[in-house]
Amino acid sequence: MITVTHYVSLSAAMFIIGAVGVLIRRNAILMFMSVELMLNAANLVFVAFARHHDHLDGQVIAFLVMTVCTAQAAVGLALIVTVFKTRRDVDIDEINSMKE
Amino acid sequence: MTIDVIVFFIPAAIAVLAAMATVTSRNAVHAALFLVINCSAIAVLYLVLNAPFLALAQVAVFVGAIMVLFLFVIVLLDTNRRTPPSGTPGRKGKLDWQSPVAVLLAWVLLAEWSYLLLERLQRKPEFPQALADSSPRGFGEALFGRYLLPFEVTSVILLAAMIGAIVLTLTKTARRPFGKEKDQ
Chain A
7 MITVTHYVSL
17 SAAMFIIGAV
27 GVLIRRNAIL
37 MFMSVELMLN
47 AANLVFVAFA
57 RHHDHLDGQV
67 IAFLVMTVCT
77 AQAAVGLALI
87 VTVFKTRRDV
97 DIDEINSMKE
Chain B
-15 MTIDVIVFFI
-5 PAAIAVLAAM
5 ATVTSRNAVH
15 AALFLVINCS
25 AIAVLYLVLN
35 APFLALAQVA
45 VFVGAIMVLF
55 LFVIVLLDTN
65 RRTPPSGTPG
75 RKGKLDWQSP
85 VAVLLAWVLL
95 AEWSYLLLER
105 LQRKPEFPQA
115 LADSSPRGFG
125 EALFGRYLLP
135 FEVTSVILLA
145 AMIGAIVLTL
155 TKTARRPFGK
165 EKDQ
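Chains as they are written, first to last, in our numbering: chain A, 7 to 106; chain B, -15 to 168.
Some clues are possibly wrong.
Simulated restraints on C-beta separations [as the list claims (entries may be wrong)]:
hint: 1; chain 1: A; residue 1: 94; chain 2: B; residue 2: -14; range: 53 to 61 Å
hint: 2; chain 1: B; residue 1: 129; chain 2: A; residue 2: 88; range: 39 to 47 Å
hint: 3; chain 1: A; residue 1: 104; chain 2: B; residue 2: 136; range: 29 to 37 Å
hint: 4; chain 1: B; residue 1: 125; chain 2: A; residue 2: 88; range: 23 to 31 Å
hint: 5; chain 1: A; residue 1: 85; chain 2: B; residue 2: 125; range: 36 to 44 Å
Hints in this document: simulated from the structure, not taken from any laboratory. We put the CB at the ideal spot given by N, CA and C, even for glycine.
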């Protein structure tokens, strides 16, 4: 029998994979993809608990998270393009001019 | 093995494998395509969880809009050639103490996950038999009823993101008044 715990476990696994991706990747675009992975994992928990409580609130929140995710991708990719135009690179380790 | 076990574990396995392939693949285009597979598998799980509207929104928004944007930026910037792989000279000594901390935190997350899996799986809170009305009609009534204000706020967020993306990527040539482009 599949319960809400299975979905929470799957979501936790995907969140961990996304967090590890943010930590180990240096390409800014791939870091953004890992963030999308984590947002997807959070959305899955919202929908699973909406099913668990037989209520639509979780689905509505997941929908709102999806729109925020879209805005984040648009602004983030615009930032990456801007950084690339000035530095000719999207390596996170090389973007350290604010440190100096 | 009942049908709900099958429709959970096959998309779940696909989602986890695709997620791992996303964060480990060297080629950024391959990573984006693996993320498309991951999003599609999650859309299948949304269908199983009585969320058909969200499943189709997931396919349309993530696979249709966000990943196309990602692929466009990857192809535009051509980052595959520019980012040298790890282990290249000149990279050592940059993250000497951060890497062990990252590994430690990953193990902490994994331990929490294992605790959750082993402890809570025995309680078996089953899904209710009744199904809420999650058709586009019921979903829309929830979205435009109790959640009208958050919905309007997201429209402002999307507008701000749109204007922000345009302002951030605006080039000098686009700021010239109309009719002056031909002079240069």
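Numbers of unmet hints, in rising order: Violated hint: only 4; rest satisfied.
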